[in-house]
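Enquirer: Letter by letter, the chains look like this.
Number of protein chains: 2
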Amino acid sequence: MNIKTLNSVIYFGEEGWSFLNKSILKSNYTKLFVLVDSNTNNHCLPYFKSNVDFDFNLIVIKEGEKNKNIDTCNEIWKFLTNNGADRKSLMINLGGGVVTDIGGFTASVFKRGIDFINIPTSLLCMVDASVGGKTGIDFNLIKNQLGVFKEPVFTILDAFFLKTLNEREYKSGYSEMLKHGLIAEEKYFFKISSFIKREHVSHHIKKSLEIKSKIVKKDMNEFGFRKILNFGHTLGHAIETYFLLKDPKNALLHGEAISIGMVLESFLSTKYCGFNETDALLIKKTFSNIFPKIEFDKKSINEILNIVKHDKKNLDNNLNFVLLTKIGNSIWDVNVSEKSVLKSFEYYDS
Amino acid sequence: MNIKTLNSVIYFGEEGWSFLNKSILKSNYTKLFVLVDSNTNNHCLPYFKSNVDFDFNLIVIKEGEKNKNIDTCNEIWKFLTNNGADRKSLMINLGGGVVTDIGGFTASVFKRGIDFINIPTSLLCMVDASVGGKTGIDFNLIKNQLGVFKEPVFTILDAFFLKTLNEREYKSGYSEMLKHGLIAEEKYFFKISSFIKREHVSHHIKKSLEIKSKIVKKDMNEFGFRKILNFGHTLGHAIETYFLLKDPKNALLHGEAISIGMVLESFLSTKYCGFNETDALLIKKTFSNIFPKIEFDKKSINEILNIVKHDKKNLDNNLNFVLLTKIGNSIWDVNVSEKSVLKSFEYYDS
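Chains as they are written, first to last, in my numbering: chain A, 1 to 350; chain B, 1 to 350.
There could be a bad hint or two in this list.
For each label pair, taking beta carbons as the anchor points, the in silico distance ranges come out as [unchecked claim]: (1) A/Lys218 <-> B/Lys187: 45 to 51 Å; (2) A/Phe54 <-> B/Lys187: 46 to 52 Å; (3) B/Lys78 <-> A/Val52: 38 to 44 Å; (4) B/Lys78 <-> A/Asn335: 28 to 34 Å; (5) B/Asn82 <-> A/Asn289: 40 to 46 Å.
No lab work stands behind these hints, which were simulated from the structure alone. We put the beta carbon where it would ideally sit given N, CA and C, even for glycine.
Isolated chain A, as found in the complex (with noise of 0.2 Å):
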């Protein structure tokens, strides 16, 4: 089984891994590069090694979202000049979503756009990353500032690879899924709502990307219909590049960042799109039973609404969000005050 996506295929486990080798054996590459970062080299290597039936180049760059940017793109780009890579090299990305986006990146740019190939090991980015075409960088303390929609070949997804993450990895990823409910899928969303084990939650991701991806069908260059997919993005953006800002060391994951996000738009939901305020409070509880509760003081809220203005999904300086119509509805460029906004803190702090 696999699905299908815009301009491209995800395949799952075994079919995986041999539809690559395949894919490599009749291809006509003239050179393999495979990208890691410092994390995955160590964990999820060795996994891909005994996969794959082929030599490569390999690229590692250091882990972590502080470095998706121009300095480390410049690496890469050296490192496939340097070895002899052409229009017609392929690169492969082994790693989480930092390694995705800005692998994704590199290889759309250089020599106008070379192959690649996506192999998320974070459920972050099998459910998140792994759909949509979008690459990126971090630029100038913006996220994904720089970038290009281009879809991989095609995609690689194996669960083992769950099992490389820590409990917060896992959650944060699990966040994710719980928003595609949220936006698209009532019935999905009650079925994920009390939290999966990761034994248990291959089939859950399966259905996860089905919704990603009818969903990015629609509008693969974000025009409209595809800017759902940012519920609890606005803020949770926003909180999440605060934290980072404060202090690297504590900065919060996207997904525990973006759950603080669903639960303060759920409430803003409530008082502009007619949103069932209980629903909200459902909402509240599912993510306060997985995630710790954060502390926002009156400075820190007002850092992370500076952050929003500055945020590249708000045209002309709006404060435009995703909202909630129902469980499984929503609606997007809304509107919404600042007024409002702080009082959504108030609700996620009551």
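Fit chain B to the supplied structure of chain A, relying on the hints for placement.
Expert: Same frame as chain A, but now just chain B:
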């Protein structure tokens, strides 16, 4: 009259400016940016201003191929970020190939792609860079090593700007026009093979664009047929790079370098594709009437050969060439020996 390319349109003179003003008026662009280099800032911006009825943010970069690099991109992206550019901003590139290449690239990558408009001011850029959607920058001494394929929303072509060029620059562009004839239309080649002054060239520019546009439409991503546009470029690019590295102040212009490349590759065509020797001599004479002869010693030829091997169009270290079968007809991916290349330099010198 306008020319439709694959996903874009080229408007001429008066009609172009009027279309630009109307487009801006009815668009919902949040911010307008105009990119110039230090040259076009002085010589072209005043005329641009006299034709447009909107305000804009001006970005000035240093002129010259040596600044078509990632550092200049970083400056542009910082300027956009610091001046509130968002996904609905527009960038207008006013300049020669360096400005449209780097402007198209930085716009295509900023927030995963914002709209851009090209207004070429050199003849080279009008007949070459303004069709085909190639954007890019040099990296690690390799020309156009980074970039994407993306066409502007539209292009304005105004022959007024030809007045701002010196004679060398004008002739550099003329060289590409001759190339279009050589690779695809015999009649056109003979129409312009006796050098035409800029006052009378405007009709021939349109024809040149039509030829290029027809070629690109068949093969936007350069999988095959489009490669014929690289006639003269395998050696020409390398010659250009060689002189740039040797002494940037005495570098050759692009068209000067590829005019030599075309003479060399016409000779190779007689050896590999049965190209008529009399026609090869005619081509040599055509170019020697326009461009001064350049001296090459043994050492320089060897260095040029090394650069050819690094050229992005050469897959897996073969020496691949576009060659002529007759004037107006060309084929691509012809494998040529190093020895023949050395002989072609003797032919040029004779």
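Enquirer: Decide, hint by hint, whether the structure agrees.
Expert: Each hint, compared with the structure:
1. A/Lys218 <-> B/Lys187: 45 to 51 Å: Taking Cβ atoms as reference, A/Lys218 and B/Lys187 lie about 48 Å apart, which means the hint holds.
2. A/Phe54 <-> B/Lys187: 46 to 52 Å: Once the Cβ atoms are compared, 51 Å apart, the range 46 to 52 Å for B/Lys187 and A/Phe54 holds.
3. B/Lys78 <-> A/Val52: 38 to 44 Å: holds, 41 Å
4. B/Lys78 <-> A/Asn335: 28 to 34 Å: With Cβ atoms ~29 Å apart, the hint holds.
5. B/Asn82 <-> A/Asn289: 40 to 46 Å: holds, 42 Å
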